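J.: Build the complex from these two chains, which are given one at a time in their own frames, with help from the hints.
Protein sequences, first through last, are from chains A and B. Counting from 1, one number per residue, gives the positions in the first sequence under this note's numbering. Counting from 1, one number per residue, gives the positions in the second sequence under this note's numbering.
Since the hints were made in silico from the structure, they are not lab data. Where hints are given, some of them may not hold.
In silico lysine-lysine, DSS-like type, Cα no more than 25 Å apart, as pairs [as the list claims (entries may be wrong)]: (1) B/23 / B/6; (2) A/87 / B/6; (3) A/431 / B/6; (4) A/324 / A/482.
Remember, it's a predicted structure, so these values are computed and weren't measured experimentally.
Listed here are the chains, written in short residue letters.
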Amino acid sequence: MTPKTAAKRSAKPRSAGLPYFTFRRMADGSVLLSNDAGRTAAVSGKDFARFSAGRLGSGEPLYAELAAKGFVREMTDFEGYAAACSKKNAFLGAGPGLHILVMTLRCNHKCLYCQSGALGAGGRGTDMSRAVARKSVDFALKSTNPGITIEFQGGEPLLNWDTLKDSVLYARGRGRELGREVRLALVSNFSLMTEEKARFLVENEVSVCTSLDGPADLHNKNRTFSGGNSHAHTARWLKYFIGRAAKQVPEYRTFTPSALLTVSRYSLGREKDIVDEYLRQGLADIFVRPLAPIGYAKKLWPRIGYSSEEFARFYRNSLDYIIKLNAAGKKIRERHAVIMLEKIVNGGDPGYLDMRCPCGAAIGQVAYNYNGDLYACDEGRMVGWEGDDLFRIGNVLRDSYRKVMLAPASRACAAASSLESQPQCSRCVYKPWCGVCPVYNYETQGSLWGDMPSSGRCALSLGMFDALFGLLKKPASAKILKEWVQK
Amino acid sequence: MKPGMKTEPVFLSGEIYCEEAVKLAAAVFEGRAKVRVIKAAGGVKAEISGGENITREFCGEVLNQQCRIDLSRKNYKIASLIATKALLSAAGEKTAK
Numbered sequence: 001m002t003p004k005t006a007a008k009r010s011a012k013p014r015s016a017g018l019p020y021f022t023f024r025r026m027a028d029g030s031v032l033l034s035n036d037a038g039r040t041a042a043v044s045g046k047d048f049a050r051f052s053a054g055r056l057g058s059g060e061p062l063y064a065e066l067a068a069k070g071f072v073r074e075m076t077d078f079e080g081y082a083a084a085c086s087k088k089n090a091f092l093g094a095g096p097g098l099h100i101l102v103m104t105l106r107c108n109h110k111c112l113y114c115q116s117g118a119l120g121a122g123g124r125g126t127d128m129s130r131a132v133a134r135k136s137v138d139f140a141l142k143s144t145n146p147g148i149t150i151e152f153q154g155g156e157p158l159l160n161w162d163t164l165k166d167s168v169l170y171a172r173g174r175g176r177e178l179g180r181e182v183r184l185a186l187v188s189n190f191s192l193m194t195e196e197k198a199r200f201l202v203e204n205e206v207s208v209c210t211s212l213d214g215p216a217d218l219h220n221k222n223r224t225f226s227g228g229n230s231h232a233h234t235a236r237w238l239k240y241f242i243g244r245a246a247k248q249v250p251e252y253r254t255f256t257p258s259a260l261l262t263v264s265r266y267s268l269g270r271e272k273d274i275v276d277e278y279l280r281q282g283l284a285d286i287f288v289r290p291l292a293p294i295g296y297a298k299k300l301w302p303r304i305g306y307s308s309e310e311f312a313r314f315y316r317n318s319l320d321y322i323i324k325l326n327a328a329g330k331k332i333r334e335r336h337a338v339i340m341l342e343k344i345v346n347g348g349d350p351g352y353l354d355m356r357c358p359c360g361a362a363i364g365q366v367a368y369n370y371n372g373d374l375y376a377c378d379e380g381r382m383v384g385w386e387g388d389d390l391f392r393i394g395n396v397l398r399d400s401y402r403k404v405m406l407a408p409a410s411r412a413c414a415a416a417s418s419l420e421s422q423p424q425c426s427r428c429v430y431k432p433w434c435g436v437c438p439v440y441n442y443e444t445q446g447s448l449w450g451d452m453p454s455s456g457r458c459a460l461s462l463g464m465f466d467a468l469f470g471l472l473k474k475p476a477s478a479k480i481l482k483e484w485v486q487k
Numbered sequence: 001m002k003p004g005m006k007t008e009p010v011f012l013s014g015e016i017y018c019e020e021a022v023k024l025a026a027a028v029f030e031g032r033a034k035v036r037v038i039k040a041a042g043g044v045k046a047e048i049s050g051g052e053n054i055t056r057e058f059c060g061e062v063l064n065q066q067c068r069i070d071l072s073r074k075n076y077k078i079a080s081l082i083a084t085k086a087l088l089s090a091a092g093e094k095t096a097k
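Isolated chain B, as found in the complex (with noise of 0.2 Å):
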């Protein structure tokens, strides 16, 4: 680690934060931060070192995330019907119109 840096730990909670959210938020910050993921009774732990503010940007970075996977849930149906028809069109194979 880097001298001056600090680890920072930080608890989010399982009824707000799903692993998967956390987990894709320390992939985004690789190279940025070092995070340590684990997990902990009602949620997941995870350990920040890095730069100055750079806990509170993960933290933002996972509600991000959490809002995407609760928004990609909700319309999953209309943006995989969207997406499919766009890619397998261009692949030459027949949809539905």
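Chain A with its partners taken away, still in its complex shape (with noise of 0.2 Å):
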């Protein structure tokens, strides 16, 4: 189809019409702009100014640039503008992709910064039962969405073994039935991994997804594990499924492991330590993630948290880092760089949920609580733990999927996190990639709104982004970014 535009070239230079876009003052004097379709221009101070100002002259290349990004109203391509913003946002007409089953709120570990409301490894009554699970299965192959995640967590989900075993043969065999794709994924510390239950896993294409917090000293001071090294456990069992990744056979896939780092206050200027980690590890990805205070990380804030300039301090020197090794020829990516980069450079959507406008919550993923009660997400899971039921969507035992869908948690959290409601966020130059989180919003600031300019959250994205955006406009590491998305 031919790109229709709004008014006919003319000959005659003219000025820049304005239509809709946000922008930012960067820290280097240059002026950031986006718009709903998730073009991004980069230009200097002066050259917003006369752009602003409607004195910038179509003759000009810089005229040129903007309206093929379409930042000049009577210039815009708006089948093209459609169609990106289309593609964006096309999460909208999936349903819920992700269905995390805890499989028993027990664990072995006493993580300094755990959110998920863990009872020590001998708690009684919080272990998910076969047939809970099986209801669960059915329940999340219910979803619209054609291929769906279920995800088996905790507390440390292998201390359930035999639950977790049968959910596994038994959404593998819906799965088949239904002709539905399942991917099935794992969360565990490997404490308790045993060749048995990992030969289980591999055979059955179980993704397996674990924390590795860095070095030895640090992931240990971080992940208190009374029954050992856990660092040691880690490093054991992520060797094995990278072996068993690399020796792909014809009779299942193998997938890779992946690690995720929660960042500390004892990580903070440790980045190069953590980063050598990884790649020591064999890992070829590293995701690095803010904590939150919310859950057990709220009473201990002031012992492990930070500001939100020290976490924005520790992102963009880790990437710094990671982009020197990449230039010395070493592959590892940054996790939430390249779910970032996706959206930016490819314009998609990479199904990361926390991220997004409205919110992952029961749209994009449910949280199954080890008796059957359903959340909105795992994050509202444990907003529930500590008594208070806000974000409950009902129960995998009584409710059906439709009552589910559209119960009044699943809604407000819809309506709350729509950045068309949010005074900062709806003209925030990183709108369209960005998105807020009512859970964190409620637990930090008391509404599922909350107040962006006094957000922590908001401002560890804001402090992501700048770090992405200004690697970006140097060409040698937009080169490297560039490749870690490239189809």
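T.: Right under this line is the structure:
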């Protein structure tokens, strides 16, 4: 189809008409522009002043660049603009893809920052039964999303191995019967992993994810394990699963394991140590995740927390180091950057539920508690564990799928996380790729909407976006970053 | 009321703030402060009892709520279109493309 423009191109130079866009003055004096189609332009302060005053002539190269990206009203290719918006927001028609089954609330670790409301390994009455697990799998398979992921979590899910094993087999069987694509994933600290369990997981195509907070001293400081050396277990089984993934067999697909880094106060200043540890363990990705002052971490915040500026510095230093390593030929990517670059560079939706508008609560994910209670997200479940069931959307044994999807909490989260109704977000240059979290807002500021100018999460996101766009402005680092998401 | 807590009245002009914004802000401050919202000529009077700077923080929240309400009214169509599409699709109901 030929792109339609709102007005015919004129040979005569004329000033730029301004459509709706947002902008941010960057630290280096330049101005970053973005629009709802997710297109961006970085211009000098001087050029921005001319552009916004309508004094940029149509004969100038910058005019052509801005026009091509949809920043000049009368030159906008509306079909192209709409197609970009549609691609970016394709998830709106999908339904919940992530289904988190909490196999147990018990855990044999006592991590400093744990948000999951985990009990000690000896705790009773908080294991998911086979019946509830099977009902949960059936419920997940009712999702309108054609490709669902069932994630087994805890606590430590391996503490409820029998139910976990049964759920894997049941989900595989039901998926086959219904002709549905079902991805299975396990989040575990690996301390209870055995050769037999690992083999079962591999043979049933269950991908595994663990936590790795850095070298042994740092990891073990964050992740207290009375049963021994947490880091040693993590390293041992990472090696095993990486080895299995390297030797693919025709009978089943074997996935490379992944690891998550949670940054605590003790991580600050140790960016290089942490990244080097990921390389040492043979991991190709590192996911630098900030701590959230909710759950157990809220009580310990003065000891383990940090300011958004401190985290932004940590993130920037980590990215700088990772890019330096890439330039030297070592392959390692930062997952948060990859997710954002998938949106910024490719205009797609990588399925990251924390940074969406509306957020992924219920419409993108459902958390299934051990007793069958359903929550709009896993963070909402943790708030429920503290005695506040605001984010509860039903029970897998009692409520219909439709009722759950349209539950008051599902609707409230969708409405509250709309960036179009957030005073600061609606005018933020990072709006096309960002998202707010009603649970975080509720926990830290007392309302689902929150107050972005004083939100720690907003400050963290701004810092991370600033770091990323700062690097995208430099040709050498931009080349490496774009390669990370090259199709 | 806890000893040392003082009650401070504040008048919020009806030309800027609607009663809904004041009531929402009072709900957000539940547990942190005691807020009494009273209708007054030309606006709303709020009596706030709590710790230091609580009145200032409360007024900031009223402004936040008012901005959000104003923006929600302005962007109502697009915001509700997006949320409705997402919810109905998730619930399995067909929506217009």
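J.: Against each hint, give a clear statement of whether it holds in the structure.
T.: Going through the hints against the structure:
| no. | hint | in the structure |
| --- | --- | --- |
| 1 | B/23 / B/6 | holds (20 Å) |
| 2 | A/87 / B/6 | violated (55 Å) |
| 3 | A/431 / B/6 | violated (41 Å) |
| 4 | A/324 / A/482 | holds (15 Å) |
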